[in-house]
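Chains as they are written, first to last, in my numbering: chain A, 62 to 458; chain B, 62 to 458.
Just so you know, these hints were derived from the structure itself, not from any lab.
Check the hints yourself; a few may be wrong.
A pair counts as met if it fits within one copy or between any two copies, since identical chains are not told apart.
[Claimed, not checked] Below 20 Å or equal to it, Euclidean Cα-Cα: the simulated EDC-like pairs (lysine to aspartate or glutamate) are:
id	residue 1	residue 2
1	K114	E458
2	K85	E389
3	K172	E293
4	K239	E446
5	K85	D95
6	K172	E446
7	K85	D315
8	K114	E169
9	K83	D312
10	K239	E253
11	K146	D118
12	K146	E253
13	K83	D351
14	K114	D226
15	K85	D312
Each chain, letter by letter, is given below.
There are 2 protein chains.
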Amino acid sequence: MIGVAVMGCGVVGCGVVQMLIKNKEEVRRAAGRDVAPLYMLDIRDIAAPEGVKLTRDVNDILADSAVNVVVETIGGVGAAYDFTKRALESGRHVVTSNKELVAARGDELIKLAAGRGVSYLYEASVGGGIPVLHPITRCLRANRLTGVDGIVNGSTNYLLTQMRDQGVSFPAALGEAKRLGYVEADPAADVEGWDARRKLAILANACFGSRFDDDAKIPTAGISGVTEADMEAAAAFGGAVKLITHARLSDSGDSWTGWVHPAFVPAAHPLYGVNDVFNAIIAHGNFVGDVMFYGRGAGREPTASAVVGDIVEIARGVSPAAVPPAGEAPAFSAADAPIRRLARAASDARESLERLGCPVRPCGDGLAFLAPALTRAEFSAACQELNGLSEPLYVLE
Amino acid sequence: MIGVAVMGCGVVGCGVVQMLIKNKEEVRRAAGRDVAPLYMLDIRDIAAPEGVKLTRDVNDILADSAVNVVVETIGGVGAAYDFTKRALESGRHVVTSNKELVAARGDELIKLAAGRGVSYLYEASVGGGIPVLHPITRCLRANRLTGVDGIVNGSTNYLLTQMRDQGVSFPAALGEAKRLGYVEADPAADVEGWDARRKLAILANACFGSRFDDDAKIPTAGISGVTEADMEAAAAFGGAVKLITHARLSDSGDSWTGWVHPAFVPAAHPLYGVNDVFNAIIAHGNFVGDVMFYGRGAGREPTASAVVGDIVEIARGVSPAAVPPAGEAPAFSAADAPIRRLARAASDARESLERLGCPVRPCGDGLAFLAPALTRAEFSAACQELNGLSEPLYVLE
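So here's chain A without its partners, still in its complex pose (with noise of 0.2 Å):
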């Protein structure tokens, strides 16, 4: 038997006990093993079903020598990352939806879990319930990958697409979307791009074999400053607003580079029918090509499959670390690589904007226009001649 500890028992954590529960037959199956769980702790009163104990004290579970498995779902970076240290330490296997933590703690804790002969496991840690790295650190690990993008906040997108579906301001799809709890109190982690970012460090680390902790340096943009004028020039160019993620390997697999910024995403793209609440990654191998991951990125149910999905492949004593590094994990490089932008401009532009060979549509009391692959320096010089300038999307080849 495995036996299952729970730390933190909000959505995800509740949702793991759940699972376990109304799917015991499922996952007796895929484990090969009966798998139960036996603690649920937290710091708040919750109610645990039968045969479940609750506490409030880490080391209840620590000298419990039938737990084997210990599922963090407390987040954030402070007792989460404590009690996993503790846990890996005295042997136990975890497993996380815990991004923050797996961001800027996974360089250590999964060597620390290879040290001790255990896993530290997180595919619920980004896109929710869709399994997306294993397939690309299983799967897929006999391409070349050299990039990868994707829509990996739930929250803003489903923003964007009210913004764009009632035709709404920011501010107004926040509120409602605060009144009917689809986002956080605080939404600034989803709002600012942070959560987007977390997550696209442990993509790259996926992919490339980056550093997880080079989460810090990748240029972020969230989608506060997305106006319906944005909106309605994605319109008038045939596509979308979206909140995009993107990495890519450099051609000597010494660096990579990366960025979270709004984006232009074109009708013909994969990702231009991800709305709402979905979430897609799409990975690039030199003999698959684009490979594309869709479904629920959040919600207690999805988020429950991905854990318990990991739960699964430590009871089949499927090897943790799929793939030993290929040497020095290449560097994060934010070196100002050329990029198409979506920007607007002044009527009186339009002359000027041809001219330099850039398609150009109507948009409102101005224009919209798709500038060529320019650094941030060069578009900023070319863009010293225009007027009424706002700050651009990123265009999504």
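Put chain B on the given structure of chain A with help from the hints.
Only chain B this time, still in chain A's reference frame:
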């Protein structure tokens, strides 16, 4: 070292050898050891890279103890079946992209492999390079999987995309695709839906544990009857025509049903944006909800990626049969389940249709309408009052 023999050196077989050579380092790291192509078997004159032996005799391969894994990319159920059986009996793992053989003989070959302690793996048989069978049978296995829908034949999806975008008839699109080499000289298996039907049987096995040879029982209609008027009708309701594979497990889990049929896919459905030669598969689990896997469903390099992914699994010693069957395999039932249909009628039928509550749109000289969910018999009866009815499209909900 893992020694590989490739039997059948057409497009996919040669791609596998090419990937093992070109991505040697990636494969070695993924597999944890060297993986070397040792033999290529073909009855045609082919060229082999240095260090790879050419043979026309399967006995050369079976006599060489350095061969651990046999790749079967012969196709069909003749020599492919015979050689696969002999390879498994000799204690070799077999990896294949041959959906025809898996659908026809998978039940027997998997049992044979299990009896010899080896694997019979076939990720490449569905969705080309897209990791789909592995994520379903491993990552999602703790879910109760109750449905699967997909676009699994790239040739027909390409033809339907051409018909829509170029406004050409099915024969014209087929002629052009033949000229460009995008479809087989004998396209019947694609066009009549048999290839999609085989893949649906394989997907249903992965999701529900049903028998592979249920293949033969699945009601199937291809795309040769799809007309420009069908395209217009779909466009009138804001969607597209796709060849859809569809399967559902019954509530009791004792039986499953499914079909392969041209279907109306509304614009909001995730399969709507799957165009050209791309494939996508959506699985439904009771916790994860809908998850979609998308990518190139055919072609040398993507399919090679899936074959090599299976070789890597074998090299890493991951157990072949992820999940023992739940008991009896659910039986296929072609019970005439009610389904909505998109059909056409003469314009004088508008009043009757609106009286029945059917949404109606103008379409060419006549009308297109969405019928409510009816059995085939009910639909036929209801339609006897109407003139000019065409073969209807199923509606994908």
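Against the structure, the hints come out as follows:
1. In the homo-oligomer, the alpha carbons of K114 and E458 never lie at most 20 Å apart, since the shortest distance is 52 Å inside one protomer and 43 Å across protomers.
2. In this assembly of identical chains, the alpha carbons of K85 and E389 lie at most 20 Å apart only when taken from different copies (19 Å versus 42 Å within one copy).
3. When the C-alpha separation of K172 and E293 is checked against a cutoff of 20 Å, the pair qualifies neither within a copy, at 48 Å, nor between copies, at 59 Å.
4. Proximity of K239 to E446 under the C-alpha cut-off of 20 Å is found in neither arrangement, the shortest distances being 41 Å within a copy and 52 Å between copies.
5. With identical chains, the CA atoms of K85 and D95 are at most 20 Å apart within one copy only, with a shortest distance of 8 Å there and 39 Å across copies.
6. Taking the shortest alpha-carbon separations for K172 and E446, neither the intra-copy value of 53 Å nor the inter-copy value of 72 Å comes in at or below 20 Å.
7. Taking the shortest Cα distances, K85 and D315 sit within 20 Å of each other only across copies (19 Å), while inside one copy they are farther apart (46 Å).
8. Proximity of K114 and E169 under a CA criterion of 20 Å is satisfied in neither setting, with 30 Å inside one chain copy and 46 Å between copies.
9. For a Cα distance limit of 20 Å, the shortest separation of K83 from D312 across copies, 15 Å, qualifies, whereas the shortest one inside one copy, 48 Å, does not.
10. Taking identical chains as interchangeable, the C-alpha atoms of K239 and E253 lie at most 20 Å apart only when both belong to the same chain, with a minimum of 16 Å there against 51 Å between chains.
11. Proximity of K146 and D118 under a CA criterion of 20 Å is satisfied intra-copy only: 15 Å inside one chain copy versus 57 Å between copies.
12. Taking CA atoms no more than 20 Å apart as the test, K146 paired with E253 passes in neither setting, with 29 Å inside one copy and 58 Å between copies.
13. Taking the shortest alpha-carbon separations for K83 and D351, only the inter-copy value of 19 Å comes in at or below 20 Å, while the best intra-copy value is 36 Å.
14. Neither within a single protomer nor between protomers do K114 and D226 lie at most 20 Å apart by alpha-carbon distance, with minima of 47 Å and 61 Å respectively.
15. For the identical chains of this complex, K85 and D312 are inter-copy neighbours only, at 17 Å across copies versus 47 Å inside a copy, given an alpha-carbon limit of 20 Å.
Taken one by one, the earlier hints fail for this structure at numbers 1, 3, 4, 6, 8, 12, 14, listed in ascending order.
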